[in-house]
Amino acid sequence: ITIHSVPLLTRSLLQLSNLGVKKVILVVGYRSEMFKDHYGSSYMGMDIHYVFNPDWSTTNNLVSFDLANPLIDTDYILLEGDLIYTEDAIGRMNCINSMAVAPLETHMDGTVVTINEDHLVKTMYLKSNKTKYQASDLLYKTVNIYCFSLSSHINVVQPEVKHLLGQGANQSYYEQAIAQAIEKQTLAMKAVSFADQLWYEIDTPEDYEKAKDLFKDE
Numbered sequence: 001i002t003i004h005s006v007p008l009l010t011r012s013l014l015q016l017s018n019l020g021v022k023k024v025i026l027v028v029g030y031r032s033e034m035f036k037d038h039y040g041s042s043y044m045g046m047d048i049h050y051v052f053n054p055d056w057s058t059t060n061n062l063v064s065f066d067l068a069n070p071l072i073d074t075d076y077i078l079l080e081g082d083l084i085y086t087e088d089a090i091g092r093m094n095c096i097n098s099m100a101v102a103p104l105e106t107h108m109d110g111t112v113v114t115i116n117e118d119h120l121v122k123t124m125y126l127k128s129n130k131t132k133y134q135a136s137d138l139l140y141k142t143v144n145i146y147c148f149s150l151s152s153h154i155n156v157v158q159p160e161v162k163h164l165l166g167q168g169a170n171q172s173y174y175e176q177a178i179a180q181a182i183e184k185q186t187l188a189m190k191a192v193s194f195a196d197q198l199w200y201e202i203d204t205p206e207d208y209e210k211a212k213d214l215f216k217d218e
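Using my numbering, the first residue of the sequence shown is number 1, and each one after it goes up by one.
What the hints contain is simulated information worked out from the structure, not anything from laboratory work. Do not rely on the hints blindly, as some may be mistaken.
Stated by the list, open to error - Straight line, CA to CA, 30 Å or less: simulated DSS-like cross-link-like pairs of lysine-lysine: (1) Lys127 with Lys162; (2) Lys184 with Lys141; (3) Lys36 with Lys212; (4) Lys184 with Lys162; (5) Lys141 with Lys23; (6) Lys162 with Lys23; (7) Lys190 with Lys22; (8) Lys127 with Lys190; (9) Lys141 with Lys122; (10) Lys162 with Lys141; (11) Lys190 with Lys23; (12) Lys127 with Lys184; (13) Lys210 with Lys36; (14) Lys132 with Lys122; (15) Lys162 with Lys122.
Said to hold, decoys possible - Distance windows between CB atoms, simulated: (16) Ile1 with Asp109: 16 to 24 Å; (17) Phe52 with Leu198: 31 to 39 Å; (18) His119 with Asp207: 26 to 34 Å; (19) Asp55 with Asp213: 33 to 41 Å; (20) His49 with Glu105: 31 to 39 Å; (21) Lys190 with Met108: 18 to 26 Å.
We treat Cβ as the ideally placed atom computed from N, Cα and C, and that holds for glycine.
Could you build all of it, start to finish, from the sequences and the hints given here?
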């Protein structure tokens, strides 16, 4: 989709290129050839690698994340394709093992986290979790932008992904793997605040109209 005539993916790639990113892995499914034809193998000075999820219509992003694993060979930023944000916002994600968060607002849905005094994530609560947070907890919404070191990916994150898939969790989100690692205290994730940054997640037609309004001056 486009925001003011610029596709979300084009916008993201431009921002990543400006930040010095040299390699991009795109996990594609529906209309995958359209992306390959448009962006090719090199775009804005970045090498573009494509990973096709043949089961895109019946699996969740945990499967897509796992399919990208063989191409991950360095520290990386994990982004979702339905997000729009400013270059200043994504530029904050230069911390190894970190996640972008924002104060929870009434219109927000999905994964939320609690944070300790050292700005580390204490607990992740997925929408599907049976364990619920306390009413007194100060909650933050995940923006769905993460940074991981290669070491943490190999030794912590990917083993959690494989464990979930081994249990048949093809409909799970990759956040479940991150949440389990945090709960086991095998992964420490720094919370990077987007409280003063412009960003939006586009899931519905209403979200799309809101995003166009928010970014009308961009």
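Do the hints match the structure? See the list:
Note on Lys127 and Lys162: the hinted pairing holds, with a Cα-Cα distance of about 21 Å set against a maximum of 30 Å. Between Lys184 and Lys141, the direct Cα distance comes to roughly 21 Å. Compliance with the 30 Å bound is thereby established for this hinted pair. Taking the CA atoms of Lys36 and Lys212, the gap is near 26 Å; set against the 30 Å cutoff, the hint holds. Restraint check for Lys184 and Lys162: satisfied, since their Cα atoms lie roughly 16 Å apart, inside the 30 Å limit.
Among the hinted pairs, Lys141 with Lys23 is consistent with the structure: their alpha-carbon atoms are about 28 Å apart, no more than 30 Å. Our distance criterion of 30 Å between C-alpha atoms is met by Lys162 and Lys23, whose separation comes to about 24 Å. A hinted pair counts as satisfied when its Cα atoms are at most 30 Å apart, and Lys190 with Lys22 qualifies at roughly 24 Å. This hinted pair checks out: Lys127 and Lys190 have alpha carbons roughly 21 Å apart, not beyond 30 Å.
Taking the CA atoms of Lys141 and Lys122, the gap is about 13 Å. The hint holds against a cut of 30 Å. Straight-line distance between C-alpha atoms of Lys162 and Lys141 comes to about 26 Å, which keeps the hinted pair within the 30 Å bound. With a C-alpha separation of about 24 Å, the suggested pairing of Lys190 with Lys23 holds against the 30 Å cut-off. Simply put, Lys127 and Lys184 have alpha-carbon atoms about 19 Å apart, close enough for the 30 Å limit, and the pair holds.
At most 30 Å may separate the alpha-carbon atoms for a hinted pair to count; Lys210 and Lys36 meet this at roughly 29 Å. Distance hint between Lys132 and Lys122 is fulfilled; the C-alpha atoms sit about 14 Å from each other, no more than 30 Å. About 23 Å separates the Cα atoms of Lys162 and Lys122, which keeps this hinted pair within 30 Å; it holds. Separation of Ile1 from Asp109 is about 19 Å and conforms to the stated range, judged on CB atoms against 16 to 24 Å.
Between Phe52 and Leu198 the C-beta distance comes to about 32 Å, which sits within the given range of 31 to 39 Å. Here the CB-CB span from His119 to Asp207 is close to 28 Å, well matched to the stated 26 to 34 Å. The given range of 33 to 41 Å is respected by Asp55 and Asp213, whose C-beta atoms sit roughly 35 Å from each other. For the pair His49 and Glu105, the supplied restraint of 31 to 39 Å holds, since their beta-carbon distance comes to about 36 Å.
In this structure the hint that Lys190 and Met108 lie 18 to 26 Å apart at CB holds, the actual value being about 21 Å.
Hint violations for this structure: none, all hints satisfied.
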